[in-house]
Structures are given as structure tokens and as C-alpha cells.
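Letter by letter, the chains look like this.
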Amino acid sequence: MSDKNLDNQNPNPDYLLEAQDLKVTFRVPGGKKLHAVDKISLGVRPRETVGLVGESGSGKSTVALTLMRAHEPEGGKIIFGGQDITHLDQKGLMPIRKRLQIVFQDPYSSLDPRWSIRRVISEPLKAHRYGSRREINKRVEELLEQVGLPQDAADRVPSQFSGGQRQRIAVARSLALEPEAIIADEPVSALDVSIQAQIINLLRDLQDRLNIGLLVIAHDLALVHQISDRIIVMYLGEAVEEGPSDDLVGNPQHPYTVALLSATPIPEPGGDRKRIVLTGDPPSPIYRPKGCRFHPRCPIATERCTIEKPPYIEISKDRKVACWQAGEMDAPRDLWALKDVPLPEGVESAKK
Amino acid sequence: MTLQTEIESRVSSGLDNEVILSVQDVVVQFPRPKKKTPFNAVNGVSFELRKGETLGLVGESGSGKSMTALSLLGLVPIPGKIIEGSINLRERRIDNLPINMLRKVRGNDLGMVFQDPMTGLNPVRNIGSQLCESVIRHQKVSKSEATEIAFKALDDVGIPSARDRLEAFPHELSGGLRQRVMIALALINHPEVIIADEATTALDATIQAQILDLFRERLSNATMILITHDMGVAAEICDRIAVMYAGRIVETGTIEEVLSSPRHPYTMGLLSAVPRFDIRRPKLVPIPGQPPTAEDIVQGCAFSSRCKFTQENCAERPLLKKRDNRLVACWFPKGEV
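Top line first, the protein sequences correspond to chains A and B.
Just so you know, we're using numbering that gives the first Met the number 0 here: the first sequence kicks off at 0 and counts up by one.
Just so you know, we're using numbering that gives the first Met the number 0 here: the second sequence kicks off at 0 and counts up by one.
It is worth saying that the hints were derived from the structure and are not from the lab.
These figures come from a predicted structure and were not determined experimentally.
Glycine is no exception: its CB is placed at the ideal position from the N, C-alpha and C atoms.
Among the clues, some could well be false.
One-sided and incomplete, this derived list gives chain B residues near chain A with beta-carbon spacing under 10 Å [claimed, not checked]: (1) Ser60; (2) Pro159; (3) Ser173; (4) Ala204; (5) Ile206; (6) Leu269; (7) Asp277; (8) Lys282; (9) Leu283; (10) Val284; (11) Gln289.
Construct the complete structure from the given sequences, taking the supplied hints into account.
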């Protein structure tokens with residue numbers, strides 16, 4: 000295994016949106032530093048969905064906000080469409096904002112309660128001088144239709160909509176300027192199960208139709224697997240494993256990925272499967288463990304893991320892992336399809 | 000399944016054990032100042048809880064599952080109240096008790112684990128004093144004995160260096176530890192029934208797994224009601240589940256049965272809408288539309304506007320009817336159309 004391509008300083012031409020060794024720290028009282036994101040590198044190709052998964056405090060939302068330039072990175076680069084945007088000023092960012100949009104987690108706080116939906120959706124259009132009022136109204140109508148909302152929604156206010164409908168409005172707003180990439184930060188975690196599926200399918204359809212690169216940030220591995228082409232697993236500000244979705248979930252290499260997979264509750268009958276339960280809590284990003292950041296909770300940590308930090312190495316195409324014991328832990332659950340078990344009676348699954 | 004294994008599985012799932020808690024046609028009503036008609040958050044819910052079983056009340060927001068749990072403890076928030084039905088703990092009716100009697104029931108007979116330990120615990124008092132308060136209120140013990148009981152309770156739910164934690168304040172503990180304290184608090188007076196309302200929802204996946212593990216290890220023989228929106232969590236620890244929709248139970252059965260062959264279209268819909276690590280990655284099948292809100296007045300089957308099997312009969316409300324081992328409230332349940 001070789002340590003290649005990890006210190007590349009040139010933008011990867013494959014990627015539409017790329018983070019190179021991105022590092023974000025926050026000052027906390029007492030002069031200490033909180034290492035929210037520590038040298039993370041990731042890329043989203045055009046028309047690709049990448050899932051970024053991790054628990055609270057893993058730094059996944061900080062990655063999203065930093066990519067949007069809402070936080071200033073302490074180190075590393077953000078590259079969009081081949082252009083280094085790490086230090087662009089607000090004016091320089093304007094054309095980038097048009098091409099890169101974000102959908103936030105909570106549609107109850109991301110929409111101004113006093114604004115009409117028309118005003119919410121047309122705000123980006125006006126900011127970027129999309130056209131005359133008539134053209135803007137026409138675009139708003141188009142967008143409402145794309146996200147499955149009725150035309151008369153335009154003249155109502157957010158409180159007249161349910162959570163799922165509000166998230167559709169947020170999606171419509173993000174689509175307004177026909178972006179090339181969208182970052183979705185926990186787009187469905189505030190929603191009920193039956194509504195989650197609506198929004199997930201909406202994102203998937205829109206991506207297919209509009210050729211958008213999508214970075215989905217979520218804590219739910221099953222959900223990320225459902226929607227993503229590739230998955231990156233974060234722990235304490237670092238990427239610990241990445242790979243094509245099915246391979247990462249079916250053949251996890253990092254013990255943390257294995258544990259996360261085991262910890263995701265799935266409504267399967269037969270609750271007697273093997274479980275891996277990690278001990279303890281994730282450590283604080285202010286006082287991080289030495290060596291591998293995961294070693295205090297790792298069931299298979301060795302002495303080396305407590306001293307030496309494992310490098311993030313490429314084990315095959317698109318497949319990376321940072322672990323001295325990579326592949327030493329078996330996947331805890333057989334994938335549904337591999338088990339050759341039919342879905343429960345009456346439970347449907349549409350074709351892809 | 001042979002007869003013997005069937006009997007064993009029925010016993011282990013508590014199906015033949017004595018009934019501890021019996022809820023009959025409970026209606027919890029809230030007045031709506033701007034409208035003439037009130038809103039029934041719980042609209043005729045009946046179930047039985049048998050000794051040693053874990054019953055999952057599963058449903059989405061607004062389905063009435065939490066309000067059902069609160070009604071058991073006499074905690075329905077004002078101005079809501081139970082206007083119909085009865086709740087019996089063994090032979091004793093507990094839904095109409097005066098407050099001083101109710102206080103004895105809470106803690107002694109029914110222990111509650113709330114969703115958010117940050118609001119369930121008092122932030123300005125240490126863990127030990129909160130546990131001791133509950134012990135002293137319900138058991139005739141001295142302060143030092145109560146402290147000892149509190150220590151054991153913390154130790155019992157897997158809190159490391161439990162003795163030191165008695166001095167800790169809630170904010171000094173992690174979310175997982177706080178939830179363990181909540182569980183210790185619910186268990187400390189050995190209640191007959193434990194009610195856990197979304198006890199793992201606020202936690203991260205790996206911490207949730209720890210708490211579920213704790214439930215499985217320490218509470219596998221407890222008589223428990225688990226309220227959750229997550230079928231996956233229910234699958235992990237419940238023996239039986241009751242699926243709720245718009246204030247009513249629409250299907251109940253053993254967890255195995257309901258997960259492997261759901262009969263009510265809403266249960267089928269819920270199970271079709273969750274991702275389940277299927278590498279064929281089929282598209283999820285969402286349930287169209289929205290659940291009815293407090294604003295909507297529903298005639299007939301509340302699910303009919305979202306159901307694809309709806310026919311004329313559905314304008315009339317289907318009652319929970321026994322079908323095989325299950326209760327299903329549907330005119331056209333799966334397998335009979």
C-alpha cells in the first residue's frame with residue numbers, strides 16, 4: 000500500500016468541489032483550541048452524490064459551512080470548479096455562490112417566518128439579477144413544480160406548511176440559480192420517517208434530472224448509503240474511511256465504520272444479530288487522544304495505535320482508510336440483498 | 000413452529016403472563032379556543048401490558064404516542080385531560096386518582112424515562128441529591144441509606160466510578176451518561192412498569208447502541224413501554240408493538256410478525272419508507288401526503304387520504320379487529336383483499 004496522492008497540491012481535475020487538507024479550529028475559553036476539522040480532504044465529482052457521515056462533534060457540519068466559506072479555515076484549500084476559493088472575498092465569491100448552494104437541516108429556522116414563499120425562493124434570483132419580475136415569477140412557478148408543491152404555495156408563508164413541505168421550499172430555493180453543486184446538511188433529520196423518504200427521493204430525482212453534484216451530510220449511515228455513490232466516514236474531525244457506498248457498507252475496513260454499521264437500527268425481524276457496542280463517548284475535540292484518535296474506544300486497538308497516528312491511505316480506487324488494523328473486524332450485518340431475503344410482505348421497493 | 004417452541008416463544012414474549020397495565024378506550028382531549036370542536040390527541044386507545052414484556056408504541060410526531068404515555072402517569076399537560084376511558088394498574092384504577100395518590104404511583108409503580116435528560120434533570124442540583132430525593136420520598140430510609148441506594152442505582156446502569164458521579168451536576172456528564180442517570184432515576188424505586196419516551200432519540204448512534212444494550216441486559220425481564228418513532232429501535236428491544244396513527248392504534252402484534260408481514264397499510268408504508276442497507280438500493284417508497292394535524296377533522300379512517308387501498312368503506316372508521324394473532328384497524332388489511 001502506498002501513500003500516494005495525499006499531498007497533492009494541484010486541484011484534482013475530476014472534482015467539482017474539493018477540500019484539500021482542510022483544517023478548522025475554534026478558540027475556546029482558556030486559550031485552548033477546538034479542532035473541529037483536522038486536515039480533511041474530500042472531493043465531489045460532477046453529478047455525483049457523496050455522503051459525509053459522522054456523529055455529533057465529528058466536524059461534518061463544520062466541513063459543510065467551511066466549504067460554503069461561512070467559517071475561515073486555518074489551513075488547507077477549498078477548490079470549486081478548478082478555482083481556489085479559499086481566500087476569495089465576498090465579491091469574488093458571488094459567482095461561486097450562484098454555482099454552489101446549501102440546504103440546511105432545520106426548515107423551521109432556515110426560512111424567514113414573515114416572508115412569502117415567493118420572496119424566499121426569489122431572493123437568490125434577485126441577488127444575482129436573474130431578470131425581470133415576470134421572469135422571476137415564472138422561475139418561482141417552475142421551481143415549485145419541480146419540488147412538488149402547488150402553485151398557490153408562492154403566496155403563503157412558511158407557517159402554513161408542514162416540515163416536509165418547508166424542506167421542499169428550501170430545496171427549491173437552493174435550485175433557483177441552477178447550481179452545479181448543492182451541500183445538504185442533515186436535510187431530513189428534522190422530518191418524520193414517511194416524509195424523509197419523500198425528500199430523499201426528491202433529492203435523488205432532481206440530481207438525476209439536473210446533473211447536480213451533491214454533498215449530503217448526515218448522521219444516519221443507512222440513509223447516507225441509500226442516497227450516496229460514495230461515503231466518507233468522519234470521526235473527531237478526521238476522515239477515517241471512504242469508499243463507494245456498497246463497498247464501504249458491505250466491506251467496512253475501519254473498526255469505527257463497523258461499529259456505526261452495527262449501531263444503526265434497522266427494522267429487521269430477528270433481533271439476535273451480532274452487535275458491536277463501543278464503550279465510552281467520543282473524546283473532546285479540545286483534548287484529543289494521542290495516536291489514533293479512535294483508539295480509546297476501539298475494540299481491536301494495539302499498542303501501536305496508542306502512539307502512532309495511522310496515515311490515511313488509498314487501498315484501492317476511491318477506497319481509503321486510516322487504521323493500523325484495517326479490515327480486521329468483520330462486518331456486523333449481512334446486507335439485505337446479500338442475505339437473499341425478500342423484503343417483508345407488503346413492503347415495497349421501487350426499482351432504481 | 001412446533002407446539003412446544005410456540006408455547007415457549009409465547010411465554011418468553013409475555014403473551015400469557017398476567018396483565019399488569021390495562022388501558023381501555025382512553026381519549027385525551029385538548030380544547031381549541033378558536034374552534035368550536037376540541038381536538039383529541041389520543042382518540043380511544045386500548046392496550047394491555049403483560050408482566051415481563053416490552054411493548055413498543057411506534058408512530059410519527061402527532062400520532063399521540065407520547066400523550067398516551069403521559070396519560071398513564073397523569074401528566075397530560077393542561078388544558079388537556081382524559082375525558083373518557085380507564086387505566087388500570089392490576090386491579091386498581093389510576094386515571095382518576097387525586098394528586099397525592101398519583102405521586103405514590105409515579106416512581107413506585109410507574110417509572111418514566113424522558114427523552115431529553117437535559118430537561119428531565121435539575122441543572123442546579125447534583126445527581127446524588129436528585130436520586131436521593133426520589134428514594135426518600137418513596138422508601139422509608141435514612142439519608143445515608145438513600146445515598147447508598149443511589150450509588151447502587153448508578154452502578155447498576157453501567158456508570159463508571161459511580162460514587163464520584165453522585166457529586167456531579169448534569170452538565171458535567173455526557174449525553175449518554177445523563178440518559179443512564181435518567182434510567183437509574185426511573186428504576187430506583189423498583190417500579191412495576193417502566194415507561195421510556197424516546198429514550199434514545201437524542202443520542203448519537205454509538206451511544207444509542209450502548210443504551211439499547213443496557214435495556215437488553217438489565218431490563219430484558221422488565222415490564223416496559225417503549226415509545227419511539229423508530230421501527231429499528233423497536234425491533235431491537237420490543238416483544239410486541241402497537242403502531243399509532245392520528246391518535247389511534249392501527250396495528251398490534253409481536254415484533255417478529257409485524258416486521259415480517261405488516262397488515263395495516265400504514266405499517267407497510269412506514270416499513271417501505273426506511274432505508275435498510277439494501278445494496279440493490281431501491282428507491283424508497285414514501286407515504287404520500289401528510290398526517291392529519293390538530294387542525295384537521297378526520298371522518299372515517301384517518302389514513303384513508305394517504306392510503307392506496309382506499310375504497311368506499313373507508314369513509315367509516317374501522318375498529319381494531321382481531322386477525323390471527325394480531326389486531327388491525329383496517330377494512331382491507333394485507334392478505335384479505
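Verification of the supplied hints:
| no. | hint | verdict |
| --- | --- | --- |
| 1 | Ser60 | holds, 6 Å |
| 2 | Pro159 | holds, 9 Å |
| 3 | Ser173 | holds, 4 Å |
| 4 | Ala204 | holds, 4 Å |
| 5 | Ile206 | holds, 7 Å |
| 6 | Leu269 | holds, 6 Å |
| 7 | Asp277 | holds, 4 Å |
| 8 | Lys282 | holds, 4 Å |
| 9 | Leu283 | holds, 4 Å |
| 10 | Val284 | holds, 5 Å |
| 11 | Gln289 | holds, 5 Å |
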